[in-house]
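*Asks:* If you're matching them up, the sequences are chains A and B in order.
Taking UniProt numbering, I'd label the letters of the first sequence as residues 1 to 275.
Taking UniProt numbering, I'd label the letters of the second sequence as residues 1 to 275.
Because the hints were derived from the structure by calculation, they are not lab data.
Hints are supplied without guarantee of correctness; some may be wrong.
Since the list can't tell identical chains apart, any single copy or any two copies may satisfy a pair.
[Unchecked claim] Result set (DSS-like, lysine-lysine): computed pairs, CA atoms no more than 30 angstroms apart in a straight line:
{"#": "1", "residue 1": "Lys181", "residue 2": "Lys128"}
{"#": "2", "residue 1": "Lys37", "residue 2": "Lys2"}
{"#": "3", "residue 1": "Lys78", "residue 2": "Lys2"}
{"#": "4", "residue 1": "Lys48", "residue 2": "Lys258"}
{"#": "5", "residue 1": "Lys251", "residue 2": "Lys48"}
{"#": "6", "residue 1": "Lys37", "residue 2": "Lys128"}
Values in this document were obtained by computation on a predicted structure and should not be read as measured data.
There are 2 protein chains.
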Amino acid sequence: MKFRRSGRLVDMTQYLLSNPHQLIPLTFFAERYESAKSSISEDIGIIKEVLEMNRLGNVETSAGASGGVTFVPTVDEKEATDLIDQLLVQLQDPSRLLPGGYLYMMDIIGDSSLTQQLGRVFASYYRKEKIDVVMTMATKGIPLAYAVAQHLHVPVSIVRHEQRITEGSIVSINYVSGSTKRIQTMSLARRSLKPHSNVLIVDDFMKAGGTIRGMMDLVQEFQANVAGVGVLTEAIHEEEKLVSDYTSLTKLSHVDVKAKTIQVERGNIFDRSLS
Amino acid sequence: MKFRRSGRLVDMTQYLLSNPHQLIPLTFFAERYESAKSSISEDIGIIKEVLEMNRLGNVETSAGASGGVTFVPTVDEKEATDLIDQLLVQLQDPSRLLPGGYLYMMDIIGDSSLTQQLGRVFASYYRKEKIDVVMTMATKGIPLAYAVAQHLHVPVSIVRHEQRITEGSIVSINYVSGSTKRIQTMSLARRSLKPHSNVLIVDDFMKAGGTIRGMMDLVQEFQANVAGVGVLTEAIHEEEKLVSDYTSLTKLSHVDVKAKTIQVERGNIFDRSLS
Chain A
1 MKFRRSGRLV DMTQYLLSNP HQLIPLTFFA ERYESAKSSI SEDIGIIKEV
51 LEMNRLGNVE TSAGASGGVT FVPTVDEKEA TDLIDQLLVQ LQDPSRLLPG
101 GYLYMMDIIG DSSLTQQLGR VFASYYRKEK IDVVMTMATK GIPLAYAVAQ
151 HLHVPVSIVR HEQRITEGSI VSINYVSGST KRIQTMSLAR RSLKPHSNVL
201 IVDDFMKAGG TIRGMMDLVQ EFQANVAGVG VLTEAIHEEE KLVSDYTSLT
251 KLSHVDVKAK TIQVERGNIF DRSLS
Chain B
1 MKFRRSGRLV DMTQYLLSNP HQLIPLTFFA ERYESAKSSI SEDIGIIKEV
51 LEMNRLGNVE TSAGASGGVT FVPTVDEKEA TDLIDQLLVQ LQDPSRLLPG
101 GYLYMMDIIG DSSLTQQLGR VFASYYRKEK IDVVMTMATK GIPLAYAVAQ
151 HLHVPVSIVR HEQRITEGSI VSINYVSGST KRIQTMSLAR RSLKPHSNVL
201 IVDDFMKAGG TIRGMMDLVQ EFQANVAGVG VLTEAIHEEE KLVSDYTSLT
251 KLSHVDVKAK TIQVERGNIF DRSLS
């Protein structure tokens, strides 16, 4: 397709946004638009300027014969903080309180657009790490895990409590739930995680950290490495957590069932600059 | 932020792509770029031309005081066909065969980028229907359901086999699995689906259609309406399916465990033009 600059800018922008963390050779664009590489380079310069100014992502260019461009999604620090602050307001709504002090979270997890935005925050935070796959626990971790994976352009491995006949050979481990001290089992399909992969673990909720600890052990069982751990909400736990190195978007600091109050703060991901 | 046309084109493109199925007032862009509405209109004309020519989406403009622009994602018919044809090759790989004639599908479902593209095909197909929410069954339907929901800008309701304390009041129904004839239970959190919602049901697999039929009954139980049913793979079933009106991306037509062959064809979504 032959475009003038304005048309190329629109199409290249959509192409880069749809293909994050992938090196696109300049020759690909040159052929796509039947344009000289020098014009393509100028186009990329404009796109880079706009996306980086708005902190939507970095546009990294590499020179040479295999020269190309890679779009790396980022988040604007202020936008991320605003996003989480709005989430805090939602989370503190007393109508979420369920018997036993549990919180109803399905509306948050079910919000496909919010999930995308939250996934992008983690993808931005871990963008410089080498991540080959995102691992999560069925069911509620799945939406956030996919949002992160998509922005990092990696696949997802889904760990499950029950074993399914449709997964073929599986690896199972027992683990102790940190808060209830019950012994549970988690399984992952053997072919769902390659040895030596670098794994980013993503889940919706962490209290004592037993489930995450279990996933970390499972990663080891596959001769793979844990590259990071990210959770949507961590809950304050009286005892020491079973996981020390993790990032959280929100922190549930207090639930008072009687007074019907919920206190949630920003998570530890904000302890460090996001950019 | 003040941009020249080229900068505005890049930023508006990314903004529209990130906010599908949402009416963005022209005044929003005019203020964002400190530009006259007439310039914004011209920019939108350029974006519309490029996105529609590449069949990436329709850019619908509305005039008047509340005038604005809505980006509606679509797919190019040829690209969608190529995507599914590649998927067919993957699905016919004999190494997927599991004992009992089941197929290993987790690599397909775990591919976050493929899932996005497949979700877009359904979102394009159902783009003119009024859809308020996507419903799916845990676990394996979730990734595709979110991809569809995100392109339609609607939330997701996750139905589950087991009941969870963290979902509050739930509605459960019994249903008969169409292929095994076993009675099973499915549940959905009461507050996870509003009455009178228009529900698009999305799942990974349908054989006799018992699970989908169950979800349709559940939708009725919530006084909501089924607006459509989409599945990644339908399997040929000897008896009549329990669901008559559905779309499938792929059709599993034959599995021969002894000869280790799998036959998969394009699904019925291709019976009608996608554009």
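*Asks:* Determine for every hint whether it applies to the structure shown.
*Replies:* Do the hints match the structure? See the list:
no. : hint            : verdict
1   : Lys181 - Lys128 : neither (36 angstroms within a copy, 51 angstroms between copies)
2   : Lys37 - Lys2    : both (14 angstroms within a copy, 28 angstroms between copies)
3   : Lys78 - Lys2    : between (39 angstroms within a copy, 19 angstroms between copies)
4   : Lys48 - Lys258  : neither (53 angstroms within a copy, 55 angstroms between copies)
5   : Lys251 - Lys48  : neither (35 angstroms within a copy, 43 angstroms between copies)
6   : Lys37 - Lys128  : within (28 angstroms within a copy, 40 angstroms between copies)
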